[in-house]
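With these hints in hand, go ahead and build the complete structure from the sequences.
Protein chains: 2
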Amino acid sequence: MGEGYEINAYSVEGKVDYSDTVKRFGISYIDEKLKARIQEDAGDLHFMIRRGIYFAHRDMEWLLDQYEKGKKFYVYTGIAPSGGMTIAHLIPFIMSQWLQEKFGAEVYIQIPDEEKFLVKKDPDLTLERTHSLAYEDALNIAALGFTPGKTKIFLNTEYATILYKQAVRVSKHITFSIIKDAFGFSSDSNIGMIFYTSMQAVPAFLKSIEEGENVPCLIPLGIDQDVHFRVARNAIDKLGYYKPAIMHSTFLPSLKGGPKMSSSDPQNTIYLDDSPDVVQKKVNQAITGQQSTAELQKKLGGDPDKCAVCQYNKYLFEPDDKKLKEIFEGERKGTLLAGEHKKDLAAKINGFLENHRKNKERIRNKLDSFILKC
Amino acid sequence: MGEGYEINAYSVEGKVDYSDTVKRFGISYIDEKLKARIQEDAGDLHFMIRRGIYFAHRDMEWLLDQYEKGKKFYVYTGIAPSGGMTIAHLIPFIMSQWLQEKFGAEVYIQIPDEEKFLVKKDPDLTLERTHSLAYEDALNIAALGFTPGKTKIFLNTEYATILYKQAVRVSKHITFSIIKDAFGFSSDSNIGMIFYTSMQAVPAFLKSIEEGENVPCLIPLGIDQDVHFRVARNAIDKLGYYKPAIMHSTFLPSLKGGPKMSSSDPQNTIYLDDSPDVVQKKVNQAITGQQSTAELQKKLGGDPDKCAVCQYNKYLFEPDDKKLKEIFEGERKGTLLAGEHKKDLAAKINGFLENHRKNKERIRNKLDSFILKC
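From first to last, the protein sequence lines stand for chains Y and S. Throughout the first sequence, residue numbering follows the numbering used here, covering 1 to 374 in sequence. Throughout the second sequence, residue numbering follows the numbering used here, covering 1 to 374 in sequence.
A hint or two may mislead.
Okay, the calculated beta carbon distance ranges per label pair [to be verified]:
| hint | chain 1 | residue 1 | chain 2 | residue 2 | range |
| --- | --- | --- | --- | --- | --- |
| 1 | S | 275 | Y | 65 | 53 to 61 angstroms |
| 2 | S | 40 | Y | 124 | 45 to 53 angstroms |
| 3 | S | 211 | Y | 65 | 51 to 59 angstroms |
In short, the hints are calculated from the structure, not lab data. Cβ coordinates follow ideal geometry from the N, Cα and C atoms, glycine included.
Below, the structure is given as C-alpha cells:
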C-alpha cells in the first residue's frame with residue numbers, strides 16, 4: 001500500500017504514484033541511458049519505452065550484458081482470462097511481439113485459466129468459462145503478429161504436467177507468511193489461490209529446463225503483476241536458475257478517468273470485439289482535459305494528462321511522436337476540440353480493431369500450431 | 001491430538017487409541033453386521049476385515065446399498081514415495097486387489113511423487129529421487145496381482161494435466177484455516193504442502209468425471225490418512241460428486257515395539273527388497289510378548305498383543321485363522337518358543353518376498369500398461 005493508492009496483483013485503487021512504486025518495489029527507472037542501449041541493441045526503440053509507458057525494470061542491464069555477449073534471452077508474458085480481452089491487455093503482448101521481432105526472442109505466453117476462477121467469487125466464472133475465454137484470448141494474441149514456431153502459448157489446465165512439477169519445486173521455497181504479506185491474503189483465502197503464484201513463476205525458468213542450461217528471461221508486465229516475481233525471483237534463484245528480468249508498464253487509464261482501465265467495468269473499457277458504433281459511443285463519453293465549453297477550451301486550453309483521448313493516443317494508437325505532439329499541443333492550447341479529437345481516436349481504434357479482426361480470421365485455423373498441450 | 005497419542009497425515013506418536021479415533025474422527029466401526037454384509041456381497045471376507053485390521057469406515061453401508069442395487073464402485077488408494085516400500089505399505093494394496101477380485105472394481109492408484117518432497121526437509125529427497133522411487137513403488141504394486149486394464153496407476157507429476165485442473169476446483173472450497181487445523185500446519189508451511197491435499201482428493205471423484213455421472217468410490221487407507229478426506233469430502237460434496245466411502249486400517253506395529261512401522265527407521269521395518277538374511281536378522285531382533293527366559297515362558301506364557309511376531313502373522317503372513325489361533329495360543333500358553341516362532345515368521349516373509357520378486361520380474365515389461373500419463 002502506498003500513500004493514497006493501493007496496488008496488488010488483484011486490485012488497483014486510487015491514483016497510482018509510480019515514483020513511489022519504484023521505491024517501494026525496489027525497481028529501477030528505465031532511464032535515458034538504458035533507453036539508448038535498448039535502441040542500440042534493437043536497432044529501434046518502441047514508442048512505449050520511449051514515452052515511459054514501460055517506465056521501470058529489474059535487471060535489464062544484466063539482460064543486455066548477456067545479449068551483447070551473444071546470449072539470447074526469451075520473453076515471457078501472459079493474461080489471466082476473466083472477461084473479454086480489452087485494448088489495455090494488449091500492452092505486454094505488443095511489447096513482447098516487438099521484442100521478438102527486434103531481438104529474435106522466443107516468446108512464452110502463459111494463459112492461467114485457473115487464476116481468476118480461484119480468486120473471483122463470481123459464480124458465473126466457472127473453470128469452463130475461463131477455459132473458453134482462454135482460447136479467445138489465445139486467438140487475439142496470436143493475431144498480433146507473433147512468429148509461429150517461436151511463440152508458445154499454453155493454458156495452465158492443459159499444460160499442467162509440465163508446469164505443476166516445476167511449480168512444486170518453486171512452492172517449497174515459499175511459505176504462507178510470504179504469500180499473505182505479498183498478496184494481502186488471509187487464513188480465509190483458498191489454498192488454490194495461495195499456491196497459484198508458483199504456477200505463474202514456472203515459465204520464467206522453463207526454457208532453462210528445456211535447454212538444460214540457464215537462459216535469460218525478460219518479462220514485460222503491468223506494474224501490478226510485479227508482486228508475483230518479487231516472491232518468485234527468490235525461489236527461482238534458490239533453484240539455481242537466472243532470476244527473470246522484468247520491464248514494468250503503467251496502467252492505461254480508464255475512459256472516464258480512473259487509474260486503470262479494468263475489464264470489470266464494460267463502459268470504461270474498449271473490448272477487442274466492440275463494434276465500431278460501440279467504440280464511437282464509448283469514446284464520446286470519455287473524459288478529456290478540456291474546459292466545459294468549446295469557447296472556454298479555445299480560450300484556456302486543456303490538460304493532456306487528464307485527457308483519456310490524449311492518453312489512448314499516447315499508449316496505443318498514435319505511434320508517430322510528431323503527430324502525438326500535435327495532439328497534445330492542440331489539447332493544451334485549445335485548438336483541438338473535443339468532438340474532432342474523439343472522432344479521430346475512435347477512427348484509429350476502429351481501424352486497429354478492423355485490422356485485428358482480419359488478422360484473427362487469417363490465423364484462426366493456424367492457432368493450434370501456437371498452442372502447447374500435454 | 002488424543003490422550004497420550006498424536007496422529008496426523010505426517011506423523012504418528014504414542015500408543016494410538018483406536019476407539020478414541022473412532023469418536024474423534026466421527027467414523028464408524030466395521031461391526032459384525034457390516035462384516036456379514038461384506039461377506040454376503042463379496043462371497044468371501046478378507047482376513048484383514050475379519051480380524052479388525054480394517055476396523056472402521058465411512059459410508060460403507062451406503063456403498064453396499066448402491067452395490068446391491070447394481071451400481072458398482074471403484075477403489076482408490078495410493079502411496080507417497082519417500083523410501084523403499086515396506087510390508088506395511090502393502091496393507092491398502094492387498095485390500096484393493098481383493099476388492100477388485102471380489103467386487104469387480106476398477107482400481108485407481110495415485111502415486112503423489114511430490115508429497116514427501118514438499119513435506120520433508122531431507123535435502124536428499126529431491127523430486128528426481130521421489131520420482132524414481134515412484135516407479136519402484138508402481139512395480140511393487142502392479143506385482144500384487146492387479147488386473148491389467150482395470151487398474152490405473154498414475155504419478156502426480158506425470159498426470160497433472162488431468163489432476164491439477166480438478167484439484168483447482170477442490171481447492172476453491174478449502175481455506176488455509178481448514179488446512180492449518182486439519183494438518184497442524186503453520187504460516188511457515190510451504191504453499192505446495194498447503195495445496196497438496198487438493199491433489200490427493202481428485203481420484204476420489206475422477207471416475208465420475210470420466211463417466212459423466214456419479215460413480216461410488218471406496219478408499220482403503222491407514223487411519224492417519226483419514227484427515228485428507230475429512231477435508232476433501234466436504235469439498236467433493238460441494239462440487240456435486242458422491243463423497244467417497246472409506247475403510248480404515250490400524251497400523252502394523254514396528255518390529256521392536258512401537259505404534260507404527262515406519263519407513264524412516266530401517267531396522268524397525270522390513271523392506272520388499274530386503275534379502276532373506278536381512279529379514280531373518282530383523283525378525284530375530286523383533287520384540288515378542290514372551291518372558292525373559294525359555295523356562296519362564298514355558299511356565300508363565302506370553303502376550304500375543306505385545307508380540308510383533310504374532311502381530312505380523314495376524315496382519316499379513318498367516319491368512320488361516322486356525323493356524324493364527326494356534327500361534328496366539330502357543331504364545332499365550334508358553335508352548336511356542338521365541339526362536340522357532342521367529343524362524344517360522346521369517347520363513348513366511350521370505351516366502352512372500354521371494355514370490356513377490358518373481359511376480360515383479362514377470363510384470364516388469366508390462367508395467368507401462370498400468371501407468372497413465374499425459
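Do the hints match the structure? See the list:
1. S:275 - Y:65: 53 to 61 angstroms: holds, 57 angstroms
2. S:40 - Y:124: 45 to 53 angstroms: Hint holds: Cβ distance 48 angstroms, inside 45 to 53 angstroms.
3. S:211 - Y:65: 51 to 59 angstroms: Holds, since residue 211 of chain S and residue 65 of chain Y (Cβ atoms, about 56 angstroms apart) stay within the stated range.
Every hint from the earlier list agrees with this structure, and none is contradicted.
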